[in-house]
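Spelled out from the first residue to the last, the chains are:
There are 2 protein chains.
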Amino acid sequence: MEKSKVVFIGAGNLATRLSLEMKEHEFEIIQVFSRTEESARTLAEKLECDWTDQISQITDKADLYIFSVKDTALEDLLARMPHKQGLWVHTAGSIPMDVFAPFVQRYGVFYPLQTFSKIRETDFKVIPFFIEAHFPEDTDLLEQYARRMSDSVIRASSEQRRYLHLAAVFANNFSNHMFAIAARLVETHGLPFEALQPLITETAAKITDMHPAAAQTGPAIRYDENVIRKHTELLEEPAFKEIYRMLSQSIHDFSKK
Amino acid sequence: MEKSKVVFIGAGNLATRLSLEMKEHEFEIIQVFSRTEESARTLAEKLECDWTDQISQITDKADLYIFSVKDTALEDLLARMPHKQGLWVHTAGSIPMDVFAPFVQRYGVFYPLQTFSKIRETDFKVIPFFIEAHFPEDTDLLEQYARRMSDSVIRASSEQRRYLHLAAVFANNFSNHMFAIAARLVETHGLPFEALQPLITETAAKITDMHPAAAQTGPAIRYDENVIRKHTELLEEPAFKEIYRMLSQSIHDFSKK
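Protein chains in written order, with our numbering: chain A, 3 to 259; chain B, 3 to 259.
Because the hints were derived from the structure by calculation, they are not lab data.
Computed from a predicted model, the values in this text were never measured in an experiment.
Heads up, a few of these hints could be off.
Pairs involving identical chains hold if they fit within one copy or between any two copies, as the list cannot separate such chains.
Stated by the list, open to error - Straight-line Cα separation of at most 20 angstroms, EDC-like style, residue types lysine to aspartate or glutamate; simulated pairs:
| no. | residue 1 | residue 2 |
| --- | --- | --- |
| 1 | Lys86 | Glu139 |
| 2 | Lys63 | Asp52 |
| 3 | Lys232 | Glu244 |
| 4 | Lys258 | Glu239 |
| 5 | Lys72 | Glu227 |
| 6 | Lys243 | Asp255 |
| 7 | Lys243 | Glu161 |
Please work from the sequences and hints to get the whole structure.
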């Protein structure tokens, strides 16, 4: 089969990981655009493809245009695209699909739900891709594309994706902040953060066997006032005290529903 | 070498996992005590040892007595022990070692930091054991005991252990609550919780490569007011709104320190 031709608009963490993965799965990445010449060139060299930092130079020869830029930059960029060829998709959790409607006919969303980082390899096989398109044929096409890389492809509306993105903030950003507070607590008392790593690994592993609502343990679920009082006394930072109180209350209330 | 003889006082999750593991590492569990006959018998059958539900019947023939009971039950139990033989230790994060001082001469703490559950196997090799004892020879002894099971044995004072236990509430209980809120958000919008599992797995895996303070991403760290406002609007539950605001603020403040 002829390879699908793809242009990446954006060269950040997600664009980098996704484009390199697509290259391994019968996609031909033909061009990378980034406003930052250095970013565009760096990614293009990895992909062995063309690059540009001029919007006007974005080629019209691709089947698929993947916009992977900051949420705030997207609309301006769409308005300045030099043509209306191919299928346009973005990779953002919180932007509705119809952001494309004023600019092009064939459009959709191609959203891999994962936290990407420069230093860690990503196993795309297990990453859920949430897809959506304006035309049913394009939804089918995006599903085929995603299935080349992942075993988990889910059709989700823009509305569902908004909640998904919100949920991801809790599951990823906020839980990581809990790890950061825990790290500070042990480190300021002469113990290494590494001592907490097995607990964190097991906490996350547990929810592959049981729902987190069922996995909840600790003083908060039984609202053990004795431990909760002692713990809030130990916390010197007022913000951490308040977080402790509020989350303990929330865990207790949650468990009763 | 002659096996060290151990009595378990308590038959909960931790006592069950720990006693079964110790049995595999040259310890002879000679008796299990629990106030609940059923619990005592069930664990004793697994260990193929004696059991009792009468405090007065706890044997004085052991080298080590491991108290693994509810924090609130410990002191009363110590006061009613029928003898003062052997080394007495507890397995609790938040109880100071000197809880034993009024009752016995040789005492200490043997605290494996992990979340234990009935349905999941536990790999003790990676679990950090935090140990402490009144006499230096007993600290050495507890270190030897812990090293039979784990590669990670750390001497920690009661003061350090208090902060460790507090940190564990953040790292385990509170992060799990973040997963539970995330689950509810997707489930009430027609998506399965399983779609979040790869993200959660990667979130926890990431902090084995980088410190959580460095791993922090998301709208809160740059205090993206646009996303934060939209997200708090989406959250119908007032408690979740407040948690979102407070944690976003805390992440932002934390990143500046």
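Going through the hints against the structure:
no.: 1; hint: Lys86 <-> Glu139; result: within (18 angstroms within a copy, 79 angstroms between copies)
no.: 2; hint: Lys63 <-> Asp52; result: within (12 angstroms within a copy, 78 angstroms between copies)
no.: 3; hint: Lys232 <-> Glu244; result: within (14 angstroms within a copy, 23 angstroms between copies)
no.: 4; hint: Lys258 <-> Glu239; result: between (29 angstroms within a copy, 15 angstroms between copies)
no.: 5; hint: Lys72 <-> Glu227; result: between (45 angstroms within a copy, 14 angstroms between copies)
no.: 6; hint: Lys243 <-> Asp255; result: both (18 angstroms within a copy, 15 angstroms between copies)
no.: 7; hint: Lys243 <-> Glu161; result: between (35 angstroms within a copy, 18 angstroms between copies)
This entry satisfies every hint, going by the numbered hints stated previously.
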